[in-house]
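Participant: If you want the building blocks of each chain, they are given just below.
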Amino acid sequence: MELPLFRHNRPDRVVTFDEYREEGGFEALKKAFSGMSPDDVQQTVMDSGLRGRGGAGFATGRKWSFVPRDLPGPRWLICNCDEMEPGTYKDRVLLEHNPYSLIEGMTLACYALGVRHAFIFIRKGYEQAAANLARGIEEAKKAGLLGEHILGSEHAIELDLHLSAGRYICGEETALINALEGKRPNPRSKPPFPAVKGLWQGPTVVNNVETLANVPAIIANGAAWFKGLALNPEGAGSKLFCVSGSVKNRACVELPIGTTLGDIIDGACGGMRDGKKFKACIPGGASTQFLKPEHWTLPMDYDTVAKAGSRLGSGGVIVFDEGHCLVEATLNLINFFARESCGWCTPCREGLPYVKEILTRIENGRGEEDDITILREHVKYLNYTFCALAPGAMAPLDGLLRDFEDEVREHIVKKRCPLK
Amino acid sequence: MIPETLKTSLEARVASAITPREAAVDVMKELQTHYGWLTDEAVGEAAVLLGLSPLQVEELATFYEMIYRRPVGKKVIHVCDSISCWCADCDTIIQYLKDKLGVGLGGTTADGVFTLIPCCCMGMCGDSPAMSVGGVPYGKLTPELVDKILEAERNNG
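Read top to bottom, the protein sequences are chains A and B.
For the first sequence, my numbering gives the first residue as 142, with consecutive numbering after it.
For the second sequence, my numbering gives the first residue as 224, with consecutive numbering after it.
Source of the hints: derived by calculation from the structure; they are not laboratory data.
Accuracy of the hints is not assured; some may be wrong.
Each computed DSBU-like pair below joins lysine-lysine, with the alpha-carbon atoms no more than 35 Å apart [as the list claims (entries may be wrong)]:
{"hint": "1", "chain 1": "B", "residue 1": "K252", "chain 2": "B", "residue 2": "K323"}
{"hint": "2", "chain 1": "B", "residue 1": "K321", "chain 2": "A", "residue 2": "K389"}
{"hint": "3", "chain 1": "A", "residue 1": "K417", "chain 2": "B", "residue 2": "K363"}
Partial list, derived from the structure: chain B residues whose beta carbon lies under 10 Å from chain A [as the list claims (entries may be wrong)]:
{"hint": "4", "residue": "T242"}
{"hint": "5", "residue": "P243"}
{"hint": "6", "residue": "E245"}
{"hint": "7", "residue": "V248"}
{"hint": "8", "residue": "Y258"}
{"hint": "9", "residue": "E264"}
{"hint": "10", "residue": "G267"}
{"hint": "11", "residue": "V271"}
{"hint": "12", "residue": "L273"}
{"hint": "13", "residue": "F286"}
{"hint": "14", "residue": "H301"}
{"hint": "15", "residue": "C308"}
{"hint": "16", "residue": "A311"}
{"hint": "17", "residue": "P341"}
{"hint": "18", "residue": "G349"}
{"hint": "19", "residue": "G358"}
Heads up, the beta-carbon is just placed ideally off N, CA and C, and yes, glycines get one too.
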């Protein structure tokens, strides 16, 4: 079965505008503009079961439906391409090969939502992706697929790039909105939710790159087709899994939702590196809990992974082998989150460095039995924060204490890292 | 003081923004490119262009990873120390860079060419360990490859 996201990809270069169109690109836009109302487009996305690919996995059609229909003034769509979650690099790979699915997907989303002006918020460091998008936007405009009078209609849609200057918190949707407005990118309190009051106080939808890039195929082929791409009834569509760590071929691969963890590692990535044994993995970027060897046959869809005690998240699969110390791995993750905390609220600003200090002590053989209790308390209390950064940071720590407590204790008892 | 041509182009960028401060990051980045880092003078100039106070520019400037409020070398090396690069033994690469350049993290080489800064994920986890030099990304680093990259980057301006 042909999966939608990478189907236009060339091995070593970006697909051209003409190639994309020859392969059916922008046909979904024509279909929508010639016979579907905005509500039809929204309903098709709702029926397709598409869930947000940025990490939270919220139903995209539902998110769109929260935008009030009758509020006066402009409304906005933002594509979140701030991708700074360690282990996650799918947006970069997607846009370096094909910017057009996103451009077409955003145009369709704008049509469905009644948006005239949309932004692509793109992180610093993704210059190639930004250049591809800038060129693609111009090509689409020249071809009458974007800008004024799209496909001869009365609809006008503008896409603008916003290049950021690098900060993980900008991926949080309300912080991203502040960043776009040129304010300090701290998260905003919710409610009001962005769908009602977001960018410049107008109704705003923030979607991930992969989410929006799926929309053309959904409109072109229908909701049932998209649902049918998944390997199990719980899922819908395909998913970009970006695999890193201890596998032979580290790659970003498109697979049906519901592909098992083992099939991702063994099938798509050639198995474990250097014949090492699989110890654990983080399945969805830095803010998810560990999966273990017993999860080898686990279908990777949002609900099944959640039932197994983790999250599908962004699909950033980071694989650890028997030689990796998971205390040190967790310390690395906490170090990242502590450094990237915006400092707005105290539990995150003070709590994360403290957790880092304790884990450093344990890793260096100076840990005490009480430290495990203190860490558990932090897992509990760092959930009470302004945004999801600190709770996200606590996910791997929670997983470490839940699944690898023996390894943590061994550090404390032996007064050294047992793997060094 | 910035040249008139740069001032005109920045004023045009601000005028095309939905609100002036929407252009804040672009203005700071352009000024940084001009001065090499975001100097105090640049903060003041950005404030005038954006209709903000210098303090409001400062709170933005100090927030972002890629805006430098202290002098940096001609090329900044951002070396990734996130989890995927850790799995690929980035610690060895970071130590190698420190030894080779004779600086600690945050330091600038004596000849003023390179500044070494750790960074969070660069989105190159499939090609880890990774770094960028003057904005150019490099992956699958080995000490030998680091030598070649530094030499090439040193020689091409």
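Participant: Should the hint that G358 (chain B) touches chain A count as held when the rule is a Cβ pair under 10 Å?
Facilitator: For G358 (chain B), the interface hint holds, since the closest Cβ of chain A sits about 7 Å away, which is under 10 Å.
Participant: Hint validation: T242 (chain B) versus chain A, beta carbon distance must be below 10 Å. Holds or violated?
Facilitator: Constraint on T242 (chain B) satisfied, holds at 7 Å.
Participant: Holds or violated: is the Cβ of E264 (chain B) closer than 10 Å to a Cβ in chain A?
Facilitator: violated (19 Å)
Participant: Should the interface hint for H301 (chain B) be scored as holding, given a Cβ-Cβ cut-off of 10 Å against chain A?
Facilitator: Since the shortest Cβ distance to chain A is 8 Å, the answer is holds.
Participant: Taking the least C-beta to C-beta distance, is P341 (chain B) closer than 10 Å to chain A?
Facilitator: The hint holds - P341 (chain B) has a Cβ within 10 Å of chain A, the shortest such distance being about 9 Å.
Participant: Classify the hint on V271 (chain B) as holds or violated, based on whether any CB of chain A lies nearer than 10 Å to its CB.
Facilitator: Not OK, violated: V271 (chain B) not within 10 Å of chain A, min 15 Å.
Participant: Between the alpha carbons of K321 (chain B) and K389 (chain A), is the straight-line distance 35 Å or under?
Facilitator: holds (29 Å)
Participant: G349 (chain B) was flagged as interface toward chain A. Is the shortest Cβ-Cβ separation under 10 Å?
Facilitator: Holds - the Cβ of G349 (chain B) comes within 10 Å of chain A, reaching about 4 Å at its closest.
Participant: With 10 Å as the cut and Cβ atoms as the points, is E245 (chain B) at the interface with chain A?
Facilitator: holds (5 Å)
Participant: Quick check on V248 (chain B) please, does its C-beta sit within 10 Å of some C-beta on chain A?
Facilitator: At about 5 Å, which falls below the 10 Å cut-off, the nearest Cβ of chain A leaves the hint on V248 (chain B) intact, so it holds.
Participant: Hint validation: F286 (chain B) versus chain A, beta carbon distance must be below 10 Å. Holds or violated?
Facilitator: holds (6 Å)
Participant: Tell me if the interface restraint on C308 (chain B) is satisfied: Cβ within less than 10 Å of some Cβ in chain A.
Facilitator: At 8 Å from the nearest chain A Cβ, C308 (chain B) passes the 10 Å test, so the hint holds.
The structure fails hints 8, 9, 10 and 11 (numbered hints given earlier, in ascending order).
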